[in-house]
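Asker: Given chain A, work out where chain B should sit, using these hints.
Heads up: the sequence lines are chains A and B, in that order.
Numbering-wise, the numbering used here puts 42 at position 42 of the first sequence, and it's gapless, one number per residue.
Numbering-wise, the numbering used here puts 8 at position 8 of the second sequence, and it's gapless, one number per residue.
By construction, these hints were calculated from the structure, which means they are not laboratory data.
Misleading hints may appear alongside valid ones.
As the list claims (entries may be wrong) - Pairs of lysine to aspartate or glutamate residues, derived as EDC-like cross-links and limited to a Cα-Cα distance of at most 16 Å, are as follows:
no., chain 1, residue 1, chain 2, residue 2
1, A, Lys374, B, Asp80
2, A, Lys36, B, Glu131
3, B, Lys36, A, Glu356
4, B, Lys135, A, Glu146
Keep in mind the model is a prediction, meaning the values are calculated, not measured.
Protein chains: 2
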Amino acid sequence: MFSKEEYIARREKLRQSVGTGLILFLGNDEVGSNFKDNVYPFRQDSSFIYFFGIQAPGLNAIIDVDGNEEIIFGDDLSIDDIVFSGPTTPLKERANMVGVANVMASDKLSDYLGGLKTNTEIHYLPPYRPEHILKLSSLLGSLPSEIEKGASTQLIKGVVKLRSIKSEEEVLEIEKAVNTTVEMQYKAMELAKPGITEADLFGAVKQIALANGNNTSFPTIMTVNGQILHNHYRKNILKTGDMVLCDCGAEGYSNYAGDLTRTFPVDEKFTDRQKRIYDIVYSAYRAAVDKLAPGCLFLDVHLAACQKIVEGLIDLGIMKGSASEAIAEGAHTLFFQCGLGHMLGLDVHDMENLGEQYVGYTDDLKQRTDFGFKSLRLGRMLEEGMVLTVEPGIYFIPELIALRKRAHKFEAFVDYGKLEDYMDLGGIRIEDDFLITAKGSRLLGNRLPSTSDEIEQFRITKQRI
Amino acid sequence: MFSKEEYIARREKLRQSVGTGLILFLGNDEVGSNFKDNVYPFRQDSSFIYFFGIQAPGLNAIIDVDGNEEIIFGDDLSIDDIVFSGPTTPLKERANMVGVANVMASDKLSDYLGGLKTNTEIHYLPPYRPEHILKLSSLLGSLPSEIEKGASTQLIKGVVKLRSIKSEEEVLEIEKAVNTTVEMQYKAMELAKPGITEADLFGAVKQIALANGNNTSFPTIMTVNGQILHNHYRKNILKTGDMVLCDCGAEGYSNYAGDLTRTFPVDEKFTDRQKRIYDIVYSAYRAAVDKLAPGCLFLDVHLAACQKIVEGLIDLGIMKGSASEAIAEGAHTLFFQCGLGHMLGLDVHDMENLGEQYVGYTDDLKQRTDFGFKSLRLGRMLEEGMVLTVEPGIYFIPELIALRKRAHKFEAFVDYGKLEDYMDLGGIRIEDDFLITAKGSRLLGNRLPSTSDEIEQFRITKQRI
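Chain A on its own, in the form it takes in the complex (with noise of 0.2 Å):
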């Protein structure tokens, strides 16, 4: 949590960028898993965290542009609360922790919804869970199906400016959690050999995250599959001859997300294959991150990451050609999939209910939608105080493979009879976080091992660098 003064500040500074009107913030609620009353961890709502600073579930606030009046809608406990969820600050106490003055029960929310003059336009940002439809549609008189599209730019621009730039507080927060995942990240390459399952893992490092922090920061992939790019399974058994592709983060107790992926051989090293396509998205990793600096696009990033990826699979004989020809024809996309990175911040995808074209592009810089470049989260000018991540990858996907070659497609860049011979290899990605600075980029947490030859030295020697 920051001062008051910071929380004033931020309103203050999104009261001005939204002009008039009122705006709403909907807090998240509980959700049930299999019941009601059976709970997810609780997240709040990023904005509201960002703007509101409380963490609990049932509140919602307004700010009155107009008016200059701000309220946080919630509820004090019953007996029946104490009981079963113990005492808790007075909301009253924490809404003054966070300059908000007023405060009003729930159901008063609604009343003075409905006592607006009738003119009064109500921003509000997109409902990314059913139950802020719900919510809206009931507040507002809506039907569910015109919530969505009720949402307010003006609203999420103002939000998207002040949540993209990370002050110093918000950078160090940023860092712990990175600096816990830097030990998830540790304990994986630790505990890796043939035998146990991804799911031995997984638990390991979610532990480190629960036990420093809220909780990890999205779902952690850990995988002998790196291939599939948001691989959940966890079944199975790790096998001499095997990566593991360990993308994960945690989440500190203030909200702030890291993310960082490595891959590593199940052996102490990787076999020469391996070592050959891990190099190559190494060199991708190293171009992107030497790019990094204000005033460049980072789709420029995401194509020097792309080319260098080209260029070392030509090496090889699995492409062909020109590079640029290549990425110009998207062939590049048979082998990196995804996007170079993304913003990094309250979100491990920071922003992304507000809309990837607002958060990583703008009015004049449209996100693309063809295959590849649609999962590039971030185009957009890079400014100082940007809180970003670098991961470039290689995945050999034979389902897709296949679907290309069938339609005879890339025949120019590709050789498939060439491509055979790593059709099994899996997938490599590398991440990292960066700050960008004034003069270029700062990586965020302790360096992990990165290049081949530090993995294998760390899972030989298990000496940290």
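Answerer: Leaving out everything else, chain B in the frame of chain A:
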């Protein structure tokens, strides 16, 4: 997963019990935490699992009772799905494995329902997630506010009747989950020592559930403040003199739940004061377990436990007067604020989403609404094949005691002066899982240390019993 014949038989019995109309089952969808794609661990709806067995989001199913038709609605994967989530068995094959011949695309469900004869009754279960309300509202053309009261009592009763009595195969699955839970309890009791945090133990226990099944079956309670019944705070550092209350459960790969509680000292031994209270809780546990048998009301088992608690507290001088009168007046609820147990199965509070009145009570035995008894989820007569928890406890909740004292409640039964000596003791609970057998009951899973002596013995020697 069970045999095809088993799923067919379950649906046939349900069809007979509902009699006429169309049964609509909503499978669960993914739920985003802080943005749509940052999903919580997927949990299929338990009744969907029971009748259709398929663990995947985005499915719905119907049983046309009159037309004798069964259809699962869902979509096969796109190439984008395969790239990000990997290939899966086609829905048609998965449906075949549970004996359902017909599969249709998701978007056909709305047309299908629209094409029914206008007087067809559509039976559905009570919604417990906002997504259910939105889906049903859209499918049935009703307002969201109308959905909850439209749930079918006939369907609820039919489902409860089937799911209440566990087959041998189901008991086997529950016992697997209980045994994983036993490992979780041993781990907590092994690791606990002054200086580590509740979160350390929380993470260690979660790791075991994740490495041996789907997840925990509910959010683990791991606390030095056991008097808060569902305490999810976990930042406290364990210190000498504390007790840890660990209430946790594993959810196995087939979604059946375990649920066990132990309370143990951070030191090797309980203090005298802790041991006195512990032994009363154990006597209540013993009395309750000894009564478990077909034909016995669980309400009476609950009352037998209450009797032992009050008698024990009278012996200590905290309570006074007649135990039976104290219970009749509700004075025991000052220390035992909740119910003795609940059914256990695919849900840790089995079928809680179907309504406690239908699951735990009967038309002739209504659930009480007064403090304490309203939290008793199960009151009805026990039958062979039921699986349930027994979990008596004594909890010293300062806020509740202060409230009752100020109101001059229970003055004939409580010595508020003597009670001061125990005000900071916290809470103690002992919980095990039982199958109701032909003549009595059987403890499920390997037996954990249960008496105060056994607990101390384990804390000293770390030797299992």
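Asker: Checked against the structure, which of the hints given earlier come out wrong?
Answerer: Nothing - there is no hint that the structure violates, so all of them hold.
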